[in-house]
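Engineer: Given next are the chains, with one letter for each unit.
There are 2 protein chains.
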Amino acid sequence: MSKTGIEVQKEKDFSTWYQQVLTRSDMLEYYDISGCYVIRPLAYNIWQEIEKFFDAEIKKLGVEDAYFPMFVSQRVLEKEKAHIEGFAPEVAWVTKAGSSNLEEPIAIRPTSETVMYPYFAKWIRSHRDLPLKLNQWSHLTKEEADVEVRDILELYRQVYEDLLAVPVIKGVKSEKEKFAGGLYTTTIEGFIPTTGRGIQAATSHCLGQNFAKMFDIVIEDPSVTDGTAKKIHVWQNSWGLTTRTIGVMVMTHGDNKGLVLPPRVANLQVVVIPCGLTAKSKEEDRKKVEDKIQEVLTELKSVGVKVKADLRDNYTPAYKYNHWELRGIPLRLEIGPRDVSSNQVMGIRRDTFEKKPIPLSELTTRVPELLNTIQREMFERAKKTYDEHVKIVLKWDDFVPMLDAKNFVLIPWCETEQCEDQIKENSARKATQDEPEDERAPSMGAKSLCIPFDQPKNPPIVVGETKCVACGSDAKRYCLFGRSY
Amino acid sequence: MSKTGIEVQKEKDFSTWYQQVLTRSDMLEYYDISGCYVIRPLAYNIWQEIEKFFDAEIKKLGVEDAYFPMFVSQRVLEKEKAHIEGFAPEVAWVTKAGSSNLEEPIAIRPTSETVMYPYFAKWIRSHRDLPLKLNQWSHLTKEEADVEVRDILELYRQVYEDLLAVPVIKGVKSEKEKFAGGLYTTTIEGFIPTTGRGIQAATSHCLGQNFAKMFDIVIEDPSVTDGTAKKIHVWQNSWGLTTRTIGVMVMTHGDNKGLVLPPRVANLQVVVIPCGLTAKSKEEDRKKVEDKIQEVLTELKSVGVKVKADLRDNYTPAYKYNHWELRGIPLRLEIGPRDVSSNQVMGIRRDTFEKKPIPLSELTTRVPELLNTIQREMFERAKKTYDEHVKIVLKWDDFVPMLDAKNFVLIPWCETEQCEDQIKENSARKATQDEPEDERAPSMGAKSLCIPFDQPKNPPIVVGETKCVACGSDAKRYCLFGRSY
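Protein chains in written order, with full-length UniProt numbering: chain R, 1 to 485; chain C, 1 to 485.
One chain only, chain R, in its complex shape (with noise of 0.2 Å):
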């Protein structure tokens, strides 16, 4: 039989409690073959949740959807050799079809730059043409793409606060860290509290006319009027959002009973349990609840609560309980004869167990504004954890034990590589035998995050002044070290 409740604590062996999480919720089952798995209906309904918000907000910004193969031959993914270099070790090479070998390999895609943009020189031809908005955007000027980047960037954001209560700091990648071959990248960085690690929550980048001049996407300048006909490279943004989403939702809510889902990406977001019965109630006595249990249904669905019954026969209540904790459902409502008598339900929260009756005259108010009330709640206390887990260090001595206490670190910094790879080399710390597998991984040196948009104003960076933390040079802006997943 399978395992139906989480074995370890999230303090205790993170790893573990991740996996048991996602596997014994029902959000997702490993697969036989590495890094593939089955995304079960629990978690593929938060990745639609994600999807129809992202989707109604890019069609307002003119974006549309097209297909694009899966499939790229061998020369025309290598045709951009610098660009492809990072992800070749990975390329996954069709060689065969059937029994048959075909005469040239055909690529998995691993990115789409080198699939799209060899069409994208084709349909553009004028700047009548542009925005080409695509998943990947072509614009006319680099001021049109900076807006761009960053309303994108704004909307990641929404998503993980808004949709995942989950906060994350917004600012711009260091040049070590941005996309190969752009011109910038801006992100949003998530922050895990339990094991004291970042991980990048998503990414916007400019990619600047580099690529338009690889493949040769470009049209007549506009303002050119005197006839002659001068060409000019468009420019291009690349974003992109992953179900990564929603394993750092899962690994900053959930707690050891299991998943936590925040109201408003949760596919059930209310269960009802019949409770107070025995095979000794009296048939009356279980006939109102469940009539009871009917009104409530309805009632609910008519406020547009995503809400279903619990009447299984074969279970307690408290298997149930533990049952719908493990899948995360925010609101549990539990009604027995008692309750029917007093004209109440009582309602437990999943994220706090608080537990409070519900009149019945008063459940289409109360119980959207408890959802409400969960959800904001839930992102307040994420907020808090993570601004209290970020430092702002002014000496080096401080800022490896700052790290090591399960902190990112906020410094003045130069903005220079070679301090970047310094940085990283000397907050390493080597891992000792006796310390549990969970624990070695944060033995890696810390990595720029991002450059704040939103910078300290305590102490200010004073240009000519301030010193970056690390090597003592010139500070230019404050910037985000951690170690990361």
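You may find that some hints are simply not true.
No distinction is drawn between identical chains; accordingly, a pair holds when it is met within one copy or between any pair of copies.
Claimed, not checked - Keeping only pairs whose Cα atoms sit at most 27 Å apart, straight-line, the calculated DSS-like set for lysine-lysine is: (1) K406 <-> K384; (2) K79 <-> K142; (3) K467 <-> K424; (4) K60 <-> K320; (5) K122 <-> K320; (6) K395 <-> K476; (7) K79 <-> K213; (8) K306 <-> K52; (9) K231 <-> K320; (10) K355 <-> K213; (11) K52 <-> K308; (12) K52 <-> K301.
Honestly, the hints are just simulated from the structure, not real lab data.
Assemble chain C onto chain R, guided by the hints.
Structural biologist: Coordinates of chain C only, in the frame set by chain R:
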């Protein structure tokens, strides 16, 4: 420069016509890997409209979405030899990652059964877990499965007839033509009048208990209440719809000007084009027309019409007419200075080229009405043509001539595989040297397309009396035969 119009006639060179419509209307780009193509926004949007309709309907039936990996290991894929045999020659095998050979090759899954059903065996433990509906369906009884096979087929009919305005005939496949390994296959069959050939539009299969037995998907019989545990195998259905739908729509409605889109799936339903303005037009006239166009856009959008204006200043009205006719936009509105003065616009239907003035004061009622009319009449015309090409044939001598005249034939049939093979052989027609390329294909023999649910009543089949038109033994039901794609 790319070509911007259709240069061959649909009736004369169907396959070139089809390729030109697909690529020049911006629906699709061919790709340098066989079997792959790029689906551009115009076509992708049609697919999204189909998905939106279908998704909402199957959600009502309780179907949930999940994601299964695209890869499958050799061991799992080859678990069920007989089932996979038909797919084997086309399976794409990944044998290398980067420059290293994989220990075991990985296939790109050609079908879902072997990937999904091992998990079904794990997830389904009790009759309370049924029906499990995840694209593939599991049921407790044959009756449940039967009902849903028909429910889905009916939804597929709606996709074709109500959304795409493409008529189909519903029926059940012969034993020879059913899904390998399944119990029976229901189908909707389309017809391309230009070539007289049939096309299988969509199928909905009852798999029976075969796969459940293979993959050991069992539950305890809930009807056994004496405490003994009797295992029974679940019933499964399987169905799927592909972008072939769009191809059938193009073939059915396209004409020698290009694509013709049914309004219900058109991303753009109405295009407004300023007319009657020349370089010498008074600035006042130009402004009047442009202002009026803005009004028209606002009004039409307010009643949900998908509309835009083509205000490009470097193309003539005639160029724009061709541009939007090629792309199949259902309705064109022309507005010139004289139209503004007489408070009207000129409306031109894409499907019939019928031209009628529409008073500006009635725009918000007349345009939606006209779009509905176009949708309905496109279907009615196609339906009439289809019906005229389905011929009841009562003696073998008429069979091949009817086919050669680009018809389907309905015959009283014995339903044996031997007779079916014989019909195919006897109805094949040798190609002659002087026939054009496109005419050669229909020389293939006729296949059984389906045994229609809606059987002809005149003459009725009298069991034991009516003979099979092909072999002379007892006929069971009318069967639809035709040459097909």
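Engineer: Each hint needs a verdict: does it hold in this structure or not?
Structural biologist: Tested hints:
In this assembly of identical chains, K406 and K384 lie within 27 Å of each other by CA distance solely inside one copy; the values are 15 Å within and 74 Å between copies. Proximity of K79 to K142 under the C-alpha cut-off of 27 Å is restricted to the intra-copy arrangement: shortest distance 26 Å within a copy versus 55 Å between copies. Proximity of K467 to K424 under the C-alpha cut-off of 27 Å is restricted to the intra-copy arrangement: shortest distance 19 Å within a copy versus 86 Å between copies. For a Cα distance limit of 27 Å, the shortest separation of K60 from K320 across copies, 26 Å, qualifies, whereas the shortest one inside one copy, 43 Å, does not.
Taking the closest pair of Cα atoms, K122 and K320 come within 27 Å of each other only across two copies (20 Å); inside a single copy the shortest separation is 59 Å, beyond that limit. Only within a single protomer do K395 and K476 lie at most 27 Å apart by alpha-carbon distance; the minimum there is 16 Å, versus 92 Å between protomers. Within a single copy, K79 and K213 get their C-alpha atoms as close as 13 Å, which meets the 27 Å cut-off; across copies the closest is 49 Å, which misses it. Both within a single protomer and between protomers do K306 and K52 lie at most 27 Å apart by alpha-carbon distance, with minima of 17 Å and 21 Å respectively.
Taking the shortest alpha-carbon separations for K231 and K320, only the inter-copy value of 26 Å comes in at or below 27 Å, while the best intra-copy value is 67 Å. In this homomeric assembly, K355 and K213 never come within 27 Å of each other (Cα to Cα): the closest approach is 62 Å inside a single copy and 47 Å across copies. For the identical chains of this complex, K52 and K308 are neighbours both inside a copy (23 Å) and across copies (25 Å), given an alpha-carbon limit of 27 Å. Within a single copy, K52 and K301 get their C-alpha atoms as close as 21 Å, and across copies as close as 22 Å, so both meet the 27 Å cut-off.
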